[in-house]
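Q: Sequence:
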Amino acid sequence: MRAVIRGDIEPRTQGALIRIGPCQRNQDLAQSHIPSPWIALQLAIVYSLSPKRVLMQVKPIIFINRGGMEALREKLHAGAQTLLAPFINFLVRFAITPNQISVAGLLINFITAWLIVAQLPVAAGILYGVAGLFDLMDGALARKTGQAHPFGAFLDSTLDRVSEGVVFAAIAYHFAVTGEAIAAAAVVLALLGSLLVSYTRARAEALGCVCRGGFAARLERLLLILFALIFGFVEIAIYLLLAATAFTVCQRIWITYRQLNTSPPAA
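Quick note on this note's numbering: the sequence shown kicks off at 346 and runs consecutively.
Just so you know, these hints were derived from the structure itself, not from any lab. Do not take every clue at face value.
[As the list claims (entries may be wrong)] Label-pair ranges, simulated between beta-carbon atoms:
| hint | residue 1 | residue 2 | range |
| --- | --- | --- | --- |
| 1 | N606 | I471 | 42 to 52 Å |
| 2 | R603 | L540 | 39 to 49 Å |
| 3 | Q464 | K420 | 27 to 37 Å |
| 4 | A547 | A493 | 12 to 22 Å |
| 5 | G553 | G524 | 44 to 54 Å |
| 6 | T442 | R548 | 26 to 36 Å |
| 7 | P431 | H494 | 22 to 32 Å |
| 8 | T427 | G524 | 14 to 24 Å |
Because the structure is a prediction, the values reported are computed rather than measured. Yeah, the Cβ is synthetic: ideal placement off N, Cα and C, and Gly gets one too.
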């Protein structure tokens with residue numbers, strides 16, 4: 346388990362990763378026409394020799410980010426909803442409620458945590474992905490059946506935080522028992538960052554702001570941990586997640602600050 350989580354790769358697998366390395370992935374992304382901040386940053390560096398021009402291209406993406414990751418999230422969400430449509434119809438036929446789906450997703454995440462503790466990361470990653478699909482289905486089911494309710498949204502959001510905490514606790518436990526104290530501490534800080542990402546958006550929206558910036562939202566965090574468990578780079582993923590969540594929290598604080606200081610005072 347330790348070798349798998351720390352990302353040790355067999356020679357044959359390593360060769361496969363080299364064949365589909367980051368350069369090829371960047372080319373594929375560049376051809377997809379998705380307005381990603383990473384692509385914008387690369388284009389700015391390649392096609393501009395002036396540092397000032399690079400900064401002008403990157404700054405709106407970093408601090409506003411209204412097109413890149415948000416557009417990508419919408420595309421992924423729309424695609425997932427299309428794929429899940431038959432399952433939604435199945436749930437409607439058997440009168441399954443959205444809240445039941447939310448609770449089922451929580452239970453699946455508890456099983457995921459147990460699999461991590463039991464040193465079965467690949468199975469844990471697959472099940473974590475299933476739990477993520479349940480998280481998508483409860484909202485879609487509520488809209489399709491007309492059961493959308495503020496309490497349902499509140500319950501779903503609360504259970505999401507619990508699910509995330511349980512899975513991160515299992516990862517922290519693994520690193521703790523294997524003597525990886527720094528990695529275990531990083532998991533705790535990454536969890537704190539993840540919770541703050543959600544909290545800053547909720548608090549900003551309660552103040553009437555639009556706060557959707559950042560590239561460490563729930564979907565990105567879920568996908569990162571999912572692939573890290575399956576392909577064995579959990580420790581690296583935790584450090585990446587720690588940096589991304591810290592950056593996103595600062596970004597959302599800045600977005601909220603700008604909106605609150607440019608809004609006209611209340612009468």
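Q: Take the hints in turn and mark each one as holding or not.
A: These are the hints, each one checked on the structure:
1. N606 / I471: 42 to 52 Å: 46 Å, holds
2. R603 / L540: 39 to 49 Å: Given range 39 to 49 Å: violated, Cβ gap about 23 Å.
3. Q464 / K420: 27 to 37 Å: Given about 35 Å between the Cβ atoms, the range holds.
4. A547 / A493: 12 to 22 Å: For A547 and A493 the Cβ distance comes to about 18 Å; the hint holds.
5. G553 / G524: 44 to 54 Å: 48 Å, holds
6. T442 / R548: 26 to 36 Å: 29 Å Cβ-Cβ, so the 26 to 36 Å window holds.
7. P431 / H494: 22 to 32 Å: 25 Å, holds
8. T427 / G524: 14 to 24 Å: 45 Å, violated
Hints 2, 8, counting from the list given before, are not met by this structure.
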